[in-house]
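Visitor: Those sequence lines, one after another, are chains W and V. So the first sequence is numbered by my numbering: it starts at 1 and just counts up by one. So the second sequence is numbered by my numbering: it starts at 280 and just counts up by one.
What the hints contain is simulated information worked out from the structure, not anything from laboratory work. What you were told as hints is all true, and nothing was included just to trick you.
Quick list of in silico lysine to any residue cross-link-like pairs, SDA-like style, CA-CA up to 20 Å:
| # | chain 1 | residue 1 | chain 2 | residue 2 |
| --- | --- | --- | --- | --- |
| 1 | V | K345 | W | A17 |
| 2 | V | K342 | V | E353 |
| 3 | V | K342 | W | R120 |
| 4 | V | K345 | W | P16 |
| 5 | V | K342 | W | M11 |
| 6 | V | K342 | W | G18 |
| 7 | V | K342 | W | N275 |
| 8 | V | K361 | W | A279 |
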Amino acid sequence: MSTQSTKVAPMEKVLPAGRYGFFDLVRSEWTKVRTVRSTMWTIGVTIVLGIGIGALVAAVTRSHWSSMNSFQRLTFDPTATSLIGLLFAQFAIGILGVLVISAEYSTGTIRATFSAAPNRSRLFVAKIFVFGVLSFIVAEVTSFVAFFVGQFLLSSPATHQTLSDPGVFRAVFGGGLFVCVLGLMAMGLGTIIRHTAGAISAFVAILLVLPIILQALPYSLSTDIRRFMPDQIAVRMVTTQSRNVDFRSFAPWVGMLILCVYAVVLLVIGASMLNRRDA
Amino acid sequence: MIEAKGLTKHYGDKRAVEQLSFTVRPGVVTGFLGPNGSGKSTTMRMIMGLDAPTAGDVTVKGKHFKNLQWPLREVGALLEAKAIHPGRSARSHLKMLAQTNHLEDSRVDELLELVGLSAVANKRAGKFSLGMGQRLGIAAALLGDPEILLFDEPVNGLDPDGIRWVRNLLKGLAREGRTVFVSSHLMSEMALTADEVVIIGKGKLISQTSIEDLLAQSTENYVRVRAPEAAKLKTALEHQGAAVVLEDDGSLSVRGANEVAIGELAATMSLVLHELAPQSASLEEAFMELTEDSIEYHGTTAEATNSTGAKS
Numbered sequence: 001m002s003t004q005s006t007k008v009a010p011m012e013k014v015l016p017a018g019r020y021g022f023f024d025l026v027r028s029e030w031t032k033v034r035t036v037r038s039t040m041w042t043i044g045v046t047i048v049l050g051i052g053i054g055a056l057v058a059a060v061t062r063s064h065w066s067s068m069n070s071f072q073r074l075t076f077d078p079t080a081t082s083l084i085g086l087l088f089a090q091f092a093i094g095i096l097g098v099l100v101i102s103a104e105y106s107t108g109t110i111r112a113t114f115s116a117a118p119n120r121s122r123l124f125v126a127k128i129f130v131f132g133v134l135s136f137i138v139a140e141v142t143s144f145v146a147f148f149v150g151q152f153l154l155s156s157p158a159t160h161q162t163l164s165d166p167g168v169f170r171a172v173f174g175g176g177l178f179v180c181v182l183g184l185m186a187m188g189l190g191t192i193i194r195h196t197a198g199a200i201s202a203f204v205a206i207l208l209v210l211p212i213i214l215q216a217l218p219y220s221l222s223t224d225i226r227r228f229m230p231d232q233i234a235v236r237m238v239t240t241q242s243r244n245v246d247f248r249s250f251a252p253w254v255g256m257l258i259l260c261v262y263a264v265v266l267l268v269i270g271a272s273m274l275n276r277r278d279a
Numbered sequence: 280m281i282e283a284k285g286l287t288k289h290y291g292d293k294r295a296v297e298q299l300s301f302t303v304r305p306g307v308v309t310g311f312l313g314p315n316g317s318g319k320s321t322t323m324r325m326i327m328g329l330d331a332p333t334a335g336d337v338t339v340k341g342k343h344f345k346n347l348q349w350p351l352r353e354v355g356a357l358l359e360a361k362a363i364h365p366g367r368s369a370r371s372h373l374k375m376l377a378q379t380n381h382l383e384d385s386r387v388d389e390l391l392e393l394v395g396l397s398a399v400a401n402k403r404a405g406k407f408s409l410g411m412g413q414r415l416g417i418a419a420a421l422l423g424d425p426e427i428l429l430f431d432e433p434v435n436g437l438d439p440d441g442i443r444w445v446r447n448l449l450k451g452l453a454r455e456g457r458t459v460f461v462s463s464h465l466m467s468e469m470a471l472t473a474d475e476v477v478i479i480g481k482g483k484l485i486s487q488t489s490i491e492d493l494l495a496q497s498t499e500n501y502v503r504v505r506a507p508e509a510a511k512l513k514t515a516l517e518h519q520g521a522a523v524v525l526e527d528d529g530s531l532s533v534r535g536a537n538e539v540a541i542g543e544l545a546a547t548m549s550l551v552l553h554e555l556a557p558q559s560a561s562l563e564e565a566f567m568e569l570t571e572d573s574i575e576y577h578g579t580t581a582e583a584t585n586s587t588g589a590k591s
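Let the hints inform the model, and build the full structure from the sequences given.
Guide: This is the structure in structure tokens:
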């Protein structure tokens, strides 16, 4: 304990050149996302719901085909039918989007992470990148598999489509993109709210409760606002039968652009709060 | 080197840290002492850039933590035990931290070995005990082989073996020339580990000193004297300016004169001494004395603040 015996030369550590970079953080975030079970669960549910529900509806339609009237047959949209599961898959991917950030807060991992990588903006962009790529791949695989399974089940005499039919590739690819962008919106909500249950509730409220509230508004007003809702944008994106298109809805890629604006706004608000708040 | 200058943190009306200035230098273990709720953890979070100071500044190696090139290779911190996803394994937790600073995966296995968690490295951390969580936190702090180390209450939840292990680890790290800053609310633990101490109470600096000086400063230092002619000796000592108290057991407690002076005085007066024993205050007592006025959460009995516990 004597001060004499503790006179030690300060450690002179030689550090490698440069500094910790974006791709170091991408690798770290990828390790994080693949080493918790909730990732496998939410991705599994995304795929099962996305493919399974479309397959179920396609099979039921095929078995009832003979009892459908000509109008029903004429307006039948094989692509939209096979992709109906995406409207359920969006909730599972949304839960993963919330969890990738909220679980860090609830477990305290965020403080360990910031202690290793204090540049929060760079870390957040790496996180968005990893989750974005992962959810994009999962959503697109789900969408394309759902399409092929659905078309396979809609065997003759039911009508089915191929990717080269008008609007079909857009519907399948765009449907997958829709699920991915909703996941990013959920991640933005998770970053702003920081609590898993709160953020998931907000996400579900936006997707399910808000449309119901809007329906209570006067018809002319509600339809004007309704077309801004994610579900309306999704329906327009996957619809390939022009007869079924609601004339008030936005064109598919305009809708997608609006959806992307939502995601960007939520993520930017989240990023600024992440930077300003104490961890 | 860690330097805090006028460091202040308010949470609304609550003043967690107030105008705190101190320096933590390399090569020694510096204890960060204060009662519970005195602002130790808040200060450590500000050093690590997790909480933004309301006023003032704190730097590591002369820079803000956020501006370090390789944060994990330069500063390691154990801020809370079990700050880990319960579903993730110890190995995965360390791996994802190592990757942020481009460290080899082999470092992860080295550290797991060092802290004795190799056998449970692939188990989900949710099943870990508090002690195992502390070991994992220590492994994370050491992962980048940093020159500066912060530990917030590292022995919490450890068994006696683990406590001794941490103590030796901290001393060893300081001997390698690292800056080691370790908080505790237990003075007795710091007495065995630290060379220097930064003592705070209610968010304010009470003292930064060496353990030796802390003891020397304490008014609890006195010399216990037993002599058949105690009264005569008492008068003579008081005449020389010492403060002498006659205790119930007939012994004298002398302050303001050391054992050499007392012994020589007794010899010149030809007085017989049965006991001449310098009594140092335990560090616990010295600490209590310093922080007496700044305990945030008092116990309900008077003893809670005055009791000094067993002498160490």
